[in-house]
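Q: Each chain, letter by letter, is given below.
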Amino acid sequence: MLFNSINFAIFLPIIFFLYWFVINKNLKLQNILLLVSSYFFYACWDWRFLFLLFFSTFLDYFTGIKMQESSNQKSKQFWFWLSIIINLGFLGVFKYYDFFAISFAEALSNFGIKVNPLTLNIILPVGISFYTFHGLSYVIDIYNEKIKPEKNFVEYAVFVSFFPLLVAGPIERATHLLPQIKVKREFNYSKVVDGMRQILWGLFKKIVIADSCANFANEIFKNQHDYSGSTLILGALFFSFQIYGDFSGYSDIALGTARLFGIDLLKNFAFPYFSRDIAEFWRRWHISLSSWFKDYLYVPLGGSEGGTLKRIRNTFIIFIVSGFWHGANWTFIIWGLLNAFYILPLIICKKNRTNLDIVAKGKKLPSLQEIFSILITFILTVFAWIFFRSESVGLAMDYIFEIFSISTFTIPYFSGIGTSLPVIFFVLLFFTIEWIGRENEFAIQKIGLQWKRVFRWGFYSFLVITIYYFSFNSSNQQFIYFQF
Amino acid sequence: MIINFLKKTVSFSILIVVIITTLQILITFRIKDKTVFGHDNWDTTSNIDADIVLLGSSRCWMHLDPGFFNKKFNLKTVNIGMNGHSKINSIQLRLENYLMKNKSPKFVIFSFDPFIEPYFNKSDSNLINKDKYSRFAFMPTKENEALVEYFKFNNAEKYIPLYAIFKYKLLGDCVTLNNSNLFPEGFGMNDEVWNTTKSPVNDELKKYYFTDNEASILKKQLYNLNEFCKKKEIKLICIQTPVYKVLYDKKKFQQTISICESNNIEVIDANYEIIRNNSINFYNTNHLNKKGVNEMNKLLKNEQKLINFLK
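Residue numbers (my numbering), protein chains in the order written: chain U, 751 to 1234; chain A, 211 to 521.
Check each hint, because a few of them may be wrong.
[Stated by the list, open to error] Listed next, the in silico SDA-like pairs over lysine to any residue satisfying Cα-Cα at most 20 Å (straight line):
1) U:Lys901 x U:Ser820
2) A:Lys217 x U:Ile764
3) U:Lys1202 x A:Ile229
4) A:Lys217 x U:Ser940
[As the list claims (entries may be wrong)] Computed far set for chain A versus chain U, every beta-carbon distance over 10 Å:
5) Lys408
6) Ile444
7) Glu505
8) Glu513
Rather than coming from a laboratory, the hints here were simulated on the basis of the structure.
Bear in mind the structure is a predicted one, so any value in this text is a computation, not a measurement.
Where is the CB? At the ideal position from N, CA and C, for every residue including glycine.
Chain U with its partners taken away, still in its complex shape (with noise of 0.2 Å):
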């Protein structure tokens, strides 16, 4: 069930009038009602997952408790492990055996052997990396005696599952979310506008910018050979859109879903695009997962501590399973790399943490020299991604190579170009509207809100219909990190 399928339309009224006006008073039974519906979602994309998801609750849950439950630390240790073995265990067999097998024949095959790899070809459970990395942050802060094991079964396995958040994030914490799932929910007439607004912007992104961009962006890179440098930059330009669109709109989405039942999510993206160094972009870019990398890699590895080369060493060592927590495949590895590289210079100048407010903060434009950073920073993430959005390192390369040569200097072209100008001027308004709005948690938070109702009202009617309008002109496209 796509957030932006009419199935959703029709499932989520649904569950929030069961919510607030049927089973308001009762807790138990709005957690209950949460849980349900969460894996009625879940099974909705393949119930026989739905197994895989349930033991891996109940392997996390339960394990949770035998650590507290433990006498020695030999015994929690061995929870712990097993915890951890088996849920990344499941993570490697559905995610990453078949490219572990492949790479190793082909290591082989370079030194005269040739081996036939036994590959699995199964398909990847949707979310497996997202509802394992809930699992694995809540064991390990049980090891590390940050928080004390959930009892309640149902209360725990809403925190894993809450439909929301199950099958791309944001990646949640256990001490932000299962203290809000714990403590009753009254209804807030803002919150739950506020959540609207958020979902709105959200299928907005998705649907106008994401989506449309996504025609280009597929065209241009499917048919690359074809292509001039300057359609190639388009192209790359064109994923660039589609990306954010996608994801940031996703986590809208999910963000103003759980806003509705009463529940704030982690927020995953803060306008990474208006990011004035590669650090700053990190900041704001997949807020979630990064932090989660911080937490539970780069600071157990020693983090900023022990100067400048551990330093190297760990942020290499945090971008290069960021970038194959993404995919099993070495595209995702070198885009990972190529940001670890990127941001190298600002950790050797001790400089990673300068832009820390958002860029013009109280200011309506930016200065010269911010336009100036906020650009070189753009590029930069823009060439990174054609590695993430290639098939295969050698296309990316091909790709790259196209960009730096002659073909560049010439009039871009693609089959389809007529029909990219409104998008174009979409994407226009969009990155306007970012802009305006980049103080607030999402774009059009607090737009209008001084606004007469009429303007207001206007402002969101003509999103919606925009919306209405794209949903058919667009290729509806899956969101893009369902695949990890």
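Fit chain A to the supplied structure of chain U, relying on the hints for placement.
A: Just chain A, lined up with the frame of chain U:
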């Protein structure tokens, strides 16, 4: 608080419905009595109380020039051929649609040849050019209902404002009406010469000829069409127009003549050898170009059967 929320949600939803309905109404008015692509001439032909109605598939649409009949026989003529639709039920539905809006013509000239297909049940349909006709899908008028059903427009397309317009990407064309002059008078004559790279010379289209088994069904359905015309006091005549020589199958074209004759329907064989043997007259293997139509008309104007019929 909850009531306030519900009130505002309902109010906003109503606002959206009002806006999209208003937009749908504005678009409907914009395209009323006009064509958007030329194919969608159901409205434009409804203003013409014709003496002759030209009926058939694309081979009627592209071959039979209303101007020729107007000029030669001094009879007001309209072409209501359905480009891409050769099932006899769609052809009859189009005639019924025309008759619901206009008084009965004196004559119907039906372009009947081996490409015409019988239908087997009421739900038989063909969705070619569905997008072009989707402008009629929303809240169809009584006259257009049967054709909207034939094109299988779903309930969302029929009852949700702008749904069909957006889905079939008609908005731009409806607003600009840039393509509205594509097929004036419902006659889509091709002004181009044959591009044999685009449309190769072969007899592939023979596979679309009705089969011998279908012939008897077609005969019955042609009989029904004739009876329908008789009830409306319309005289029906069939005509078969040229195909390029590679596609010509004497036996098959004779069979259509036999079907007409066995139903006591006059038939004109305009599949003239002199036209069908020369590729210069064609746009592709089964459609004439402008030159071919003019050549056919030169011969048709002396066709005694036609002259007698239209007297």
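Q: Against each hint, give a clear statement of whether it holds in the structure.
A: Quick rundown of the hints versus the structure:
1. U:Lys901 x U:Ser820: holds, 15 Å
2. A:Lys217 x U:Ile764: holds, 17 Å
3. U:Lys1202 x A:Ile229: holds, 18 Å
4. A:Lys217 x U:Ser940: The hint holds at about 14 Å.
5. Lys408: holds, 18 Å
6. Ile444: holds, 41 Å
7. Glu505: holds, 38 Å
8. Glu513: holds, 47 Å
Of the hints listed earlier, there is not a single one the structure fails to meet.
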